[in-house]
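There are 2 protein chains.
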Amino acid sequence: MPKPLILVTNDDGITAPGLRHLIRYMSGLGEVVVVAPDSPQSGMGHAITLDNTLYSKKVVIDREAGAPREFSCSGTPADCVKLALQEILPRRPDLCVSGINHGSNSSINVIYSGTMSAAIEAGIEGVPAIGFSLCDYSWEADFKPCAEAVKTIAAETLKNGLPDGVVLNVNIPATNGVPPRGIRVCRQARANWKERFDKRTNPNGKDYYWLTGEFELLDKGEDTDEWALAHDLVSVVPVQFDLTAHHAIQPISNWKLYE
Amino acid sequence: MPKPLILVTNDDGITAPGLRHLIRYMSGLGEVVVVAPDSPQSGMGHAITLDNTLYSKKVVIDREAGAPREFSCSGTPADCVKLALQEILPRRPDLCVSGINHGSNSSINVIYSGTMSAAIEAGIEGVPAIGFSLCDYSWEADFKPCAEAVKTIAAETLKNGLPDGVVLNVNIPATNGVPPRGIRVCRQARANWKERFDKRTNPNGKDYYWLTGEFELLDKGEDTDEWALAHDLVSVVPVQFDLTAHHAIQPISNWKLYE
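Heads up: the sequence lines are chains A and B, in that order. With the numbering used here applied, the first sequence has no gaps in its numbers, which climb one by one up to 259 at the end. With the numbering used here applied, the second sequence has no gaps in its numbers, which climb one by one up to 259 at the end.
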């Protein structure tokens, strides 16, 4: 039997330490091909490149990391997955993994996440997919304690597959050098960002803003990703891209619309 | 009682004809404030501007259109909503409407949609919100047949509110000058894009790609947005931003993970 083919991508860019670690962890599970953005794409959501050209080139970043085939791409994470599936990969991959993101994509952050947009894009194409994120924004974050959890979740996904229309959003707590206490399958916590715009004036007298904000957890449930992370557990949220709020169809059908 | 405050935005940019029509339709329902991107943002998904500056300025585009207050913003649709809620609006709006998009955001297109990202951003902040799209990509599209459906859905949303965590994705069929046959509340159809990359060589000998593709409907249901649109009905899909695939939590919990 041939080794599983694993597509590795991310949104922090092809040289990001989180991606380099993910490549190493995946090289033990299958044949790795990397197609990742040539520059950081954080906060890109599910953007795709419609009215601009896309460039892609074969690159060699790190010959030690299992010597995978690697391609950089000028587009977004979703672009990378589309290009990989249509143009670069020799066959349909058995798994797509995205990350390991430098920073959390738990709860409402999934909406803004380039890491998860890559996983969702693969899921739309029917490829089992996982987004991995470490809750540490630093470029020097310590990814080693993630290794076992990342490998376990990827191996189980290869073995079991995923339900139709579902991808995994995996977040890993920052645990100061020791491995997380365990892995918990859970739901997305309700949360939002209390935004604050830092208003400044540029040297030419023109006002501009920086977007800043504080995370606000609105959910006390013990079955959420935020609860798991706060208890040093890896959170695994099954995520769907059918956004229909099925429970809302009936009440809204009772409005005075016309047909 | 003060008139409802209505935030109007879009992803095609502040001068787009679809936005100008939406402003006129909303001016009959309340006090309109426009905060929209200064340039087209199609396909931006739920991108936000994290590592770049945001500019915003008061503009006057069209004095005839109910003379609303208008602000252009250098950011994405989601940025526009964040900036409007935190910095520009005098109070919390009663409704946020986004569009009218030049082109469909039905079925899987909701995932890539800047129009819907603005509505979802407002929904995350607890503001009732609707994304409107006309299934005609032309800049000269005829928006007049949309008027009654758009006004009816916005008025009913103002009157009834929306369930917690739900926004509306409204798509309007292109019906050759006559109004759509009716309005149908429905679910998101399963679909994807069969991508094709058009590979070319630039004048300097470097290969590049254009992303193209064909829409592929994978769903024969008569309760979907695609079915409604194919039958000249306006589709109204209630959309949620809790992406949890609740049905998948139990089966995945049975995997050999550790805790």
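Fair warning: there could be bad hints in the mix.
Same chains, same label: a pair holds when it works inside one copy or across any pair of copies.
Mimicking EDC-like on lysine to aspartate or glutamate, the simulated pairs with C-alpha atoms at most 16 angstroms apart in a straight line are [to be verified]:
#1 151 <-> 219
#2 151 <-> 242
#3 199 <-> 51
#4 256 <-> 148
#5 57 <-> 207
#6 57 <-> 219
#7 256 <-> 198
#8 3 <-> 195
#9 206 <-> 140
#10 194 <-> 87
#11 151 <-> 164
#12 256 <-> 31
#13 206 <-> 242
#14 144 <-> 198
#15 194 <-> 148
#16 144 <-> 51
#17 256 <-> 87
#18 206 <-> 164
#19 256 <-> 207
#20 3 <-> 94
#21 206 <-> 94
#22 58 <-> 207
#23 206 <-> 219
#24 144 <-> 216
In short, the hints are calculated from the structure, not lab data.
Here's how the hints hold up against the structure:
no.	hint	in the structure
1	151 <-> 219	neither (30 angstroms within a copy, 35 angstroms between copies)
2	151 <-> 242	neither (28 angstroms within a copy, 27 angstroms between copies)
3	199 <-> 51	between (31 angstroms within a copy, 14 angstroms between copies)
4	256 <-> 148	between (55 angstroms within a copy, 13 angstroms between copies)
5	57 <-> 207	between (39 angstroms within a copy, 9 angstroms between copies)
6	57 <-> 219	neither (44 angstroms within a copy, 37 angstroms between copies)
7	256 <-> 198	neither (43 angstroms within a copy, 46 angstroms between copies)
8	3 <-> 195	neither (46 angstroms within a copy, 26 angstroms between copies)
9	206 <-> 140	neither (35 angstroms within a copy, 35 angstroms between copies)
10	194 <-> 87	between (41 angstroms within a copy, 13 angstroms between copies)
11	151 <-> 164	neither (22 angstroms within a copy, 37 angstroms between copies)
12	256 <-> 31	neither (56 angstroms within a copy, 23 angstroms between copies)
13	206 <-> 242	neither (43 angstroms within a copy, 38 angstroms between copies)
14	144 <-> 198	neither (36 angstroms within a copy, 40 angstroms between copies)
15	194 <-> 148	neither (34 angstroms within a copy, 36 angstroms between copies)
16	144 <-> 51	neither (40 angstroms within a copy, 27 angstroms between copies)
17	256 <-> 87	neither (49 angstroms within a copy, 35 angstroms between copies)
18	206 <-> 164	neither (50 angstroms within a copy, 39 angstroms between copies)
19	256 <-> 207	neither (45 angstroms within a copy, 54 angstroms between copies)
20	3 <-> 94	within (9 angstroms within a copy, 55 angstroms between copies)
21	206 <-> 94	neither (51 angstroms within a copy, 31 angstroms between copies)
22	58 <-> 207	between (42 angstroms within a copy, 12 angstroms between copies)
23	206 <-> 219	neither (40 angstroms within a copy, 51 angstroms between copies)
24	144 <-> 216	neither (29 angstroms within a copy, 42 angstroms between copies)
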